[in-house]
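My request is simple: use the sequences and hints to build the entire structure.
Order-wise, the sequence lines are chains D and B. First residue of the first sequence? That's 1 in our numbering, and the numbers climb one at a time after it. First residue of the second sequence? That's 649 in our numbering, and the numbers climb one at a time after it.
For the record, the hints were derived by calculation from the structure and aren't laboratory data. Remember, it's a predicted structure, so these values are computed and weren't measured experimentally. The C-beta atom is built at its ideal place from N, Cα and C for all residues, glycine as well. Take the hints with a grain of salt, since some may be wrong.
Stated by the list, open to error - Footprint (simulated), chain B over chain D, 3 or more residues, beta carbon under 8 angstroms:
1) 12–23
2) 49–63
3) 138–149
4) 521–530
Unchecked claim - Reference excerpt, derived from the structure (chain B facing chain D, CB under 8 angstroms, subset only):
5) His692
6) Tyr710
7) Leu721
8) Val727
9) Thr812
10) Arg816
11) Thr948
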Amino acid sequence: MADAKAQEALPALPLTLLVVGSALTVASHTLWLPVWFSIAAGTLLSWRAVLAMRGSPLPPRWLLVVLTLATAIGVYISYSTILGRDAGVTLLVMLLFLKLLETRAPRDVFVVAFLVYFVALANFFYSQSIPIAGLMLLTVTVATTALVGFSAPRRSLTEDLKTAGRMLAQAGPVMLLLFFLFPRVQGPLWGLPQDAYTGVTGLSETMSPGTISALSLSDAIAFRVKFEGETPPRSQLYWRGPVMTDFDGRTWRVGPPQLLRETGNDTYGAPIGYEVTLEPHNRSWMFALEMPVGIPQNARMTRDYLPISLTPIRSRTRYEMRSSPQFQARNGANPRDLAAALRLPPGVDPRARALAGEWRQSVPDDTVIVQRAIDFFRGNRFEYSLEPPKLGEHSVDEFLFDTRQGFCEHFASSFVFLMRAAGVPARVVTGYQGGDTNPVDGYMVVRQADAHAWAEVWLDSRGWTRVDPTAAAVPVRVELGITAAAPLGAPLLMRDGLDWLKGLRNNWDALTNQWNQWVLGYNPERQLEMLSRLGMKQPSWETMTLMLFWSVGGVLLLVALSLLRGMRREDAVQRAWLRFCGKLARAGLARASTEGPLDYARRVSLGLPASETAVRAITALYVEQRYGPAADRESLSRLKHLVRAFAP
Amino acid sequence: MKLDRVLQYSQAYNFYRWVFRRHGPEPGVVFLTQRRVYILPTRHGLSFGVALILMLIGSINYNLSLGYVLTFLLAGLGVVSILHTFRNLVHLYVSAGRVSPVFAGDIAHFQIAFENTGDFERHSLDLACGTAKARFDVPAHRHCTVELTLKTEKRGWMPLERVTVDTRFPLGLMRAWSYVQPDMRALVYPRPDTAALPVPEADSETGDAVSTGVGTDDFAGLRPYQASDSPRHVAWKASARSEILLTKLFAGRASSEAWFEWDKLPPGMPLEARLSRLTRWVMLAEERGLRYGLKLPGTTLPLGEGFTHRERCLRELALFHG
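This is the structure in structure tokens:
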């Protein structure tokens, strides 16, 4: 019996739909899957589609075993592990395709459909953008339509699609309620595989020539900012990131983070308040305008004046910050810090050292030396270039005296070198400079392309003071942004002259921002915030569950009522008839259980000649509506009326 | 509201009533009310639930907002499918249809009628009784008749056992079902003897009373054809000249009459074998166009012929109690 059932061919149409659903769910995975795997997967899928359409027999089981082993080995070679997130998802995709080649019984169909849902979920590891969400909705619709098709094989595709669509539409409100009211827990529940956060772009702990120019090619968003008051002028928009003190002749590195203990020596001007929505970058830095004054509760300030979060930022994070553009940052005046800010690797860049030595001999004042260096950058026709010539062993010398083409990291690095060589404590600060305000929603968007590096020098009178050598050499970079400074190197959409495209992108960005704020950024805090805005003070998970229970129950009741609506009318006919029979039964003329309505009417007419007309009319209406083709509303109301008026 | 009144409306109460109380056949039209339609997840529905829990855990662990969206959408789909599956079965009218008599060992076709008074089509309903299964759809505002084929074993009345109507439409994650026992039974005739014994002749082993004479009919005249007349007695030539079909009448009862008697069968013959033998003879006699009668202990069916007579004889044999 079971064998006979398994042999029964599965219907071709839903099977084809299942293949389409699998293709859709894997489509966006091909962006990161190894190429050989994508090709193999595509081949398997087309093979399966051909088999489904022709109704041909499936490949033998030994072949599938061989294919499984081959793919598993391939995955191991590609990732050198079969654990971890990417390898796991790859194996899941493989499982889906091989199971698809093994769909013999209805049971296999369900396994495939569930795998499609799983792989759809796995998509969100890599992107949770609006287009991906749309693609996944399409995938779920197709897979659900396939399931409907399997349970009612004789129907047409449109009918299956209609059923699936209606069910999804009814599931929508339930989903919304669950999404907003289901008590949220902040993940992770356990350790994540190490490769869970690869592929995020952003600043890093080191800076060498080329680091930031590579970033400037990306128009990925670093963070968004909403200012409380007016937006400060562009030249003040220095978003402070990692501060680098150690230099080995080529690469700058951040030192070990040390928390800021004393703040007494600092003085600040009027602060600006703003909210930052930071994209995950897998580091703990929280970017803030120079200089941060008020930092969020769960953040700490380092001695470099960089707010850091206690854990790496692995999900989009919102925080409020206050900064003061006028500041005197005097902390870090302890001798150890200042000594570290003077250290230089021995033996490199003799020409730069010589120049700095000259300055030091001619003037004793640090402020004047800084000004000399700025003048040097301003007066020597430095060029801003995304593709500067390669530099050799004495990178600072070659940049300062030979090539004179570079990106901000070249400027910052050589400036700090000069300062240290002249005996002025200095360090490199990386971060972002600028940002564009989206006119659609008023959010300022800071992109990876806005990444920047500048310098900080210690002046006894003013503490740590920002000097931007790039601004000195190429003022447009800071006044107008990267697009003006390197027009052809900037990401396409950041260039000037494409206003209509920019308008489109502004709208899209605003939409994405709302999506990020409300869908992707809906975390435990936002849930509490929303519920308290609805008037619930300190909602516990019990009240949330209760609310969820009642609201979902209400929605389901509405759905049930709308589903059962089609049955009411027919019952009304029966109800009217039963009421009529009841009246007659009280008059002593009960209907026998085997008696048809017409026979009954005849008998009643004989017994009650006075009401014969009414009895005949009621019976005729009843028979017409009960047994005839589709009845109309009017005859029903006539029937009801007659029965109501009937008095035997 | 009193407690027992509340209980009466709960499905669990009804379910236990069904399980623990022996229910007889239900005459007339059975309406599948909400209270007699049960619903539980299928095996696939349970796996679906487990899959959703895994997806939820994954979404929490990796902070996937869209993971929540997908998981909750699928959860909503599962919950909504309960309503859809339930609706696909509830408020259906079920009634007993026809079932023709069969010989023991043959297959009886029980016809069960379904009526859908709803505005929507009922899809993929399964009807099952023992090993018999049938799948059917009932379009909106339509009737349909479904046949359950059950193998018969013993002669006599074969009542239809409790049947299950169930459905897994639309997603196969839920199964709604209901039990109905339509009041219907099939009449099962004894199985005709397979021994190729001839119909007893007047002067053969059984002695006197049975007299046949197949080849020596005396033509006695014509009368209008009746539905019960054997086609071999139609006077085709005469009918061709007339406007109606005519049947030939034969005189000479000695040559075309047979009595099948219980008592004339060999004395040691078991009861069922006797009935089988008699059944065989009735079939043969009818086939050959004889007039025949049946004598059983306590019952005698007079001489006769035609379909109705045969049915009466067979019914007598089927329901015979020693």
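These are the hints, each one checked on the structure:
no.: 1; hint: 12–23; result: violated (count 0)
no.: 2; hint: 49–63; result: violated (count 0)
no.: 3; hint: 138–149; result: holds (count 4)
no.: 4; hint: 521–530; result: holds (count 3)
no.: 5; hint: His692; result: holds, 4 angstroms
no.: 6; hint: Tyr710; result: holds, 6 angstroms
no.: 7; hint: Leu721; result: holds, 4 angstroms
no.: 8; hint: Val727; result: holds, 6 angstroms
no.: 9; hint: Thr812; result: violated, 17 angstroms
no.: 10; hint: Arg816; result: holds, 6 angstroms
no.: 11; hint: Thr948; result: violated, 32 angstroms
Of the numbered hints given earlier, the model fails hints 1, 2, 9, 11; all others are met.
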